[in-house]
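Participant: If you want the building blocks of each chain, they are given just below.
There are 4 protein chains.
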Amino acid sequence: MKTATSITAREAGSDTGRLEAFSDGVIAIAITLLVLDLHVPAMSGHVGAGEMWRALRAQWPSYDAFVISFAVIGIMWANHHNLFRIISRTDHYLILLNLALLFCIAVIPFPTSLLSEFLGRSGEATATQVYTGWFAITAFTFNRLWWYASSRAHLLDPAIDGPAIAGVSRRYMLGLVGYVAAFLLSFVNAVASLVLIVLLGLMFVLPSSSGGVTTMRRQDEEE
Amino acid sequence: MKTATSITAREAGSDTGRLEAFSDGVIAIAITLLVLDLHVPAMSGHVGAGEMWRALRAQWPSYDAFVISFAVIGIMWANHHNLFRIISRTDHYLILLNLALLFCIAVIPFPTSLLSEFLGRSGEATATQVYTGWFAITAFTFNRLWWYASSRAHLLDPAIDGPAIAGVSRRYMLGLVGYVAAFLLSFVNAVASLVLIVLLGLMFVLPSSSGGVTTMRRQDEEE
Amino acid sequence: MKTATSITAREAGSDTGRLEAFSDGVIAIAITLLVLDLHVPAMSGHVGAGEMWRALRAQWPSYDAFVISFAVIGIMWANHHNLFRIISRTDHYLILLNLALLFCIAVIPFPTSLLSEFLGRSGEATATQVYTGWFAITAFTFNRLWWYASSRAHLLDPAIDGPAIAGVSRRYMLGLVGYVAAFLLSFVNAVASLVLIVLLGLMFVLPSSSGGVTTMRRQDEEE
Amino acid sequence: MKTATSITAREAGSDTGRLEAFSDGVIAIAITLLVLDLHVPAMSGHVGAGEMWRALRAQWPSYDAFVISFAVIGIMWANHHNLFRIISRTDHYLILLNLALLFCIAVIPFPTSLLSEFLGRSGEATATQVYTGWFAITAFTFNRLWWYASSRAHLLDPAIDGPAIAGVSRRYMLGLVGYVAAFLLSFVNAVASLVLIVLLGLMFVLPSSSGGVTTMRRQDEEE
Chain R
1 MKTATSITAR EAGSDTGRLE AFSDGVIAIA ITLLVLDLHV PAMSGHVGAG EMWRALRAQW
61 PSYDAFVISF AVIGIMWANH HNLFRIISRT DHYLILLNLA LLFCIAVIPF PTSLLSEFLG
121 RSGEATATQV YTGWFAITAF TFNRLWWYAS SRAHLLDPAI DGPAIAGVSR RYMLGLVGYV
181 AAFLLSFVNA VASLVLIVLL GLMFVLPSSS GGVTTMRRQD EEE
Chain G
1 MKTATSITAR EAGSDTGRLE AFSDGVIAIA ITLLVLDLHV PAMSGHVGAG EMWRALRAQW
61 PSYDAFVISF AVIGIMWANH HNLFRIISRT DHYLILLNLA LLFCIAVIPF PTSLLSEFLG
121 RSGEATATQV YTGWFAITAF TFNRLWWYAS SRAHLLDPAI DGPAIAGVSR RYMLGLVGYV
181 AAFLLSFVNA VASLVLIVLL GLMFVLPSSS GGVTTMRRQD EEE
Chain P
1 MKTATSITAR EAGSDTGRLE AFSDGVIAIA ITLLVLDLHV PAMSGHVGAG EMWRALRAQW
61 PSYDAFVISF AVIGIMWANH HNLFRIISRT DHYLILLNLA LLFCIAVIPF PTSLLSEFLG
121 RSGEATATQV YTGWFAITAF TFNRLWWYAS SRAHLLDPAI DGPAIAGVSR RYMLGLVGYV
181 AAFLLSFVNA VASLVLIVLL GLMFVLPSSS GGVTTMRRQD EEE
Chain C
1 MKTATSITAR EAGSDTGRLE AFSDGVIAIA ITLLVLDLHV PAMSGHVGAG EMWRALRAQW
61 PSYDAFVISF AVIGIMWANH HNLFRIISRT DHYLILLNLA LLFCIAVIPF PTSLLSEFLG
121 RSGEATATQV YTGWFAITAF TFNRLWWYAS SRAHLLDPAI DGPAIAGVSR RYMLGLVGYV
181 AAFLLSFVNA VASLVLIVLL GLMFVLPSSS GGVTTMRRQD EEE
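Residue numbers (my numbering), protein chains in the order written: chain R, 1 to 223; chain G, 1 to 223; chain P, 1 to 223; chain C, 1 to 223.
Since the hints were made in silico from the structure, they are not lab data.
Examples of chain C residues toward chain P, derived with CB under 8 Å:
#1 R18
#2 F22
#3 A30
#4 F103
#5 L114
#6 R121
A few chain G residues that face chain P, going by a derived Cβ cut-off under 8 Å, partial list only:
#7 G25
#8 A28
#9 I31
#10 V40
#11 H46
#12 A78
#13 H81
#14 V205
Ideal placement from N, C-alpha and C gives every residue a C-beta, glycine not left out.
Full structure from sequences and hints, please.
Facilitator: Here is the structure:
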């Protein structure tokens, strides 16, 4: 029997289950809270159909911000989901890095609110910088988590091969580069920056010829 | 050992577990956030019992919108729950189609707010069109997900037989037709359109003689 | 191979897992949304410590309503948790009855808001009637679910014995009687009615000599 | 076959699964609701970039309160997660003590709101007392739960050894002492008190030489 002291260095079980469940919870809440930013237009007295449609259309910045943020968080969830099919064990720092990632995701409704308030108005440039900048930080945190896990073989499912891991690393790095580019572009042109975020999202939708993360699988399923 | 590139075309494991957990999270949050639209009547000074009941009753549009939306989302959850007893594997597009469905469901609190604000007032017709129209879009997205999965045998539990699958398809299509009919009816009569939504909900409550989705089961349980 | 039609009458698998997960989600959200009713006192200019404490203390109705509702929902979760250790299979109506129960629980933040707004003011009586009345309806829905399941042996874990089931029925009926009594009492004295709700909660805290629901267990664990 | 009465004293199964799932839900929601306190600055007319950044910077109390509360709740989740790797069975009082802990955590958004409203203003001292005081109460509730479980061998995973349990007790007690110290310090200096809370958080981040809770593991994994 070893003492508590002597077992410090060794890692803690293979249960990523609760970490995934908690992450699912936080991501699901963050993505659903976005709807609280869609406001019913305040209209009193008689409201004609044309007037109502105009009022609803005038809220396009809210819809745009909602759709983009929903897509970004949704894709992050899909990536997180795939990541933890590769990562089969947790340790202290993985839990901390995952909390840092959840922090970034939980904050997203705030820059989304900011964008939906200022898009199409004079504060648009600054709001877009904050919005895309936060996505770049989130993408960095995502990569940080992956760098930590992928360089520690004992945290990974042994059935995943090296090239598959390198493929994930490449794709995540590409995502990070894309978000940083969108952030830099936001200082030049806010709308172009948001279009780039949308294109990054669409890139995820298309199947990747170099091995999409969602097709990552255990070697032992190959035959 | 195959490389990351060569495994692209093959699908990713049979774990629908986390997809279901995340979906449960989003649907549970969307259905529970609806309550934020029930507002305490603003009343100052002395408040008599009669006055209070009158103020609470005056909020009937909120209650109606809440009950209908809760029922619709609840039924969607029950259907989603049953769907993923038939679907036993996920792939990239199934995850995307499921995200699209969760998007539709996560938005529902917004048209619900709109309806509870305008029901019984002059903007009622437009609000009902948006409300029922969104349900029609959501029903379409649901069918889209099912069409994709049901036409790919490797995503389905092999124990489910063909007629059972055809039964589910028929019932979902009926739901879609019903919601589209409610949307079209909303241009003629808003209240009739909402009544049709309620009837569609009640139809789900009654057991279906042609094999309700909730009674769908694996062939291997039959003996 | 049987057709979809012929399997209608038979029930659907033993997976109560996702029903429990969804219920956990809705109950967890409803219980946590209660905090949105605790408002930061609006104070401008210089704020002294005494003034601040007075402002915080003045919000006692919010705290009271929060604590009572949290306790009631928490106890309901504990009971729901225990119930689904006895119920091991779901069917169409069980899912519907469970949705009805979740509806009741998801609504609770609204009467809680109402109570925290009117407690200690002239509308107190009416607010308490709505509040306790809703709890009575919720308790009825809970019993309704249990009556349905407990009278259908194929839905229950076969290892649970008859007297244990009778014990659960007795205790739930007692809870229902208590909430209905609190509702009736609210027409006489609002505060006494709320005190009764608190006592009902404390009753749950004390271990029951006639077999607490949380000590319900499978016969096969007995030896 | 034993009767319901005779089985009262014995404990209820080893399923901590749903208790963990419900706790994950409540903690995930509480941590994510914190974002609702980050408000978009209200600005009308032309908004210059400098003006916008100034308005965003002026909200530093919200950001500080958000970050500290997120870290505290996140660490509590990590500790809760580790605790239920040691605790393998639940009983009636454990469920109640866990509900009490969830109550404390679910309330945290309220003192966080209070702090973000008054930090840097005249009410700062009182707000910090409430904030740190609530953390002290929460830490006490956490210890209370652990004292109860750790003194009941039948609730614990038999594979966990005594020194490991003593190590957890020591560390939790240290956390409690730290939060109480922060609370007391808040009467002397609000900012110093918050800095102490941050340091307590960082202490968790550093690996503990005396056996971090996250490295706690089952004896049977040691060889």
